[in-house]
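Chemist: This is what each chain is made of:
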Amino acid sequence: MSVKKLDQLIDLAKTKEKKKLVVAYGQDAHTLGAVSKAVDLGFVDVIIVANKEIVEKVCKEEGIDPSKFEIVNEPNEISAGRKAVNLINEGKGNMLMKGLISSDNYMRAILNKDEGLLPAKATLSHISVFEVPTYHKLLITSDVAVIPAPDISQKISIANYLIKTAHRLDIENPKMALVCLSEKTNPKIQQTVDAAIITKMADRGQIKGAIVDGPMGFDLAIDQESAQIKKFNSPVAGDADCILWSNIEAGNVFYKTVTKLCHAELAAIVVGAKCPAILSSRGDSTKTKLYSIALAALMA
Amino acid sequence: MKPIRSLDQLAEHVQSSCTKKKIAVAAAEDSNTFDAIVKATENGIVEAVMLGSAERIRQLCEEKSFDPDKFTIIDIPDELKATQEAVRMVKAGEADILMKGLVGTDKFLKAVLDKSAGLLPAKQIMSYVCALEIPAYHKLLFISDTAVLPFPDLNQKIAMTNFSIKMAKRFGIEKPKVALIGASEKVSLTFPNSIDYAMIAKMSQRHQLEEAIIDGPLDVFLACDKESVEIKGVKTAIDGDADILIFPNIEVSNAFYKGLMLFAGAELGGLIQGTEKPVVVMSRSESPKSKYYCIALACLMAEER
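Chains R and B, in that order, give the protein sequences. Using my numbering, the letters of the first sequence map in sequence onto residues 1 to 300. Using my numbering, the letters of the second sequence map in sequence onto residues 1 to 305.
These aren't lab readings, by the way, just hints derived from the structure by calculation. Among the hints, a few may not be true.
Stated by the list, open to error - Here chain B is said to cover these stretches of chain R; the calculated rule only asks that three of the stretch's residues, wherever they fall, bring their Cβ under 8 Å from a Cβ of chain B: (1) 162 to 171; (2) 198 to 204.
Unchecked claim - Here are the simulated distance ranges between beta carbons: (3) G283/R x A183/B: 49 to 57 Å; (4) E115/R x F191/B: 50 to 58 Å; (5) S31/B x P235/R: 55 to 63 Å; (6) F191/B x A122/R: 23 to 31 Å; (7) P235/R x S16/B: 53 to 61 Å; (8) F151/B x H136/R: 44 to 52 Å; (9) A183/B x G91/R: 38 to 46 Å; (10) S2/R x Y137/B: 45 to 53 Å; (11) K226/B x K92/R: 36 to 44 Å; (12) H263/R x K226/B: 33 to 41 Å; (13) F151/B x K230/R: 32 to 40 Å; (14) K123/B x K230/R: 25 to 33 Å; (15) K274/R x F151/B: 43 to 51 Å; (16) S188/B x K4/R: 35 to 43 Å.
Predicted, not measured: the structure shown is a model, and the values here were computed from it. Built from N, CA and C at the ideal position, the CB exists for glycine as well.
My request is simple: use the sequences and hints to build the entire structure.
Modeler: Take a look at the structure:
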């Protein structure tokens with residue numbers, strides 16, 4: 001059965017082989033709280049690379065038993081990031097999570113040419129899965145955080161990441177909308193040209209495993225009624241599983257709007273590296289962190 | 001109407017169902033096109049106004065034992081002036097069709113394309129569409145652009161597609177199948193044509209072009225041979241039954257139709273598209289039959305609907 005709620009990510013992750021999560025500089029209450037829950041739920045083991053003393057102190061304050069984690073003592077933030085990445089490269093972990101380390105240092109460790117996690121020519125991107133109370137299923141979207149203005153090659157990579165994610169969520173033949181301003185194609189608007197290319201590639205089996213259509217306005221992608229009023233005929237209309245945004249501004253505004261104004265919850269990971277990486281911010285709820293760990297576990 | 005499936009059917013249809021058209025032939029003292037215009041006059045599909053050297057036109061008539069009084073002959077020995085007058089007549093509605101005689105193509109087109117006195121509306125794209133009859137194919141195949149646009153960009157390809165669809169519809173083909181021709185059916189970022197084709201196919205799906213069934217990129221096999229479609233397992237609405245082939249550039253289209261004429265006994269009728277009224281330009285190397293079909297095609301396209 002396909003995953004329809006974020007809670008079900010955890011249920012599904014529990015049915016899979018247990019994964020090993022490496023947490024870079026995980027010495028804050030938010031991170032430790034979330035990974036502790038994930039361990040308790042039984043779908044991951046956790047290695048924490050951080051200042052051991054601080055980890056133990058915070059655990060005590062939060063009522064967490066630190067013995068459930070493997071702790072690698074590394075008090076320096078930058079070194080902790082590098083060490084965590086090394087553990088992945090050594091095969092000791094299969095997913096990565098950001099703790100108290102700054103996003104810059106975390107990404108730098110991942111992107112490091114010699115010792116990082118990015119295969120040559122790979123496209124690093126971001127997948128976020130939203131549970132919006134007013135939509136009848138999950139929305140898997142990209143890229144709301146990493147690539148500012150994806151070109152056509154990057155969009156093809158993103159499309160494939162979205163499809164892979166949907167498949168891991170047991171959504172067999174996901175419907176993917178390439179969202180632009182409207183459903184009209186215009187040679188002067190590159191996004192609509194890109195959408196035409198991607199749909200034709202899907203027609204020809206060059207992108208597999210999904211029903212793809214675009215360009216279309218966001219309303220047409222998620223609202224059957226809009227599609228009917230506009231007489232928009234598309235197998236994706238009103239029932240999209242995946243949204244590929246034309247650019248980061250569109251995706252980012254969507255992300256912040258639904259989380260802040262529509263009580264949406266989400267799970268999010270960085271994709272394209274050797275392993276899924278969680279890039280949660282301090283602003284994220286513990287729920288989001290936990291869902292993201294579950295999503296990463298499913299993708300690992 | 002019953003679809004026209006061959007060039008002879010086109011000729012018959014024009015003769016039986018279209019009103020007689022007035023054709024202005026620029027520099028009409030042309031032995032290359034003379035037989036075709038005589039035949040068209042004798043068959044009653046056109047009334048010819050022959051502009052050019054009256055002396056040489058009469059001489060041609062004598063050589064071909066044709067009564068010159070069946071023409072309206074206007075004596076303008078200068079080829080450019082004759083062309084300009086022919087263009088004026090068509091623009092003014094005194095004639096329905098313009099045809100090139102013994103005048104250089106560059107001079108002829110200069111008069112046709114003249115901003116104020118010419119026949120091409122501002123910003124209008126001019127192109128060329130041929131109806132090709134190939135003995136081995138089960139129906140007519142419309143192809144573009146074989147003569148005017150050497151390396152069409154996306155907008156020009158869109159115009160070519162629309163012109164071809166409109167012409168096919170005049171032949172009674174209600175929903176023509178248009179194949180956008182490349183070397184393969186795959187979309188590749190390193191093949192700019194395949195990207196244009198993806199765009200055109202999507203525009204058609206979004207009803208932004210003349211209504212038709214459009215798919216591309218496709219190769220000629222997938223466009224015109226059902227068996228190839230089955231063997232390759234490509235899903236395409238064209239399904240080996242194309243009415244129209246849009247080519248990526250003139251080198252491909254030119255080799256395609258000339259190869260078929262030379263090796264496979266193909267005949268054609270072709271016409272410039274985009275002008276206010278039909279403009280007939282035929283090449284010297286075309287067969288006498290094809291030259292006649294060009295005039296018949298112009299008559300069909302000039303017919304009021």
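Chemist: Under the constraints set out in the numbered hints, which ones does this structure not fulfil?
Modeler: 1, 4, 7, 11 and 12
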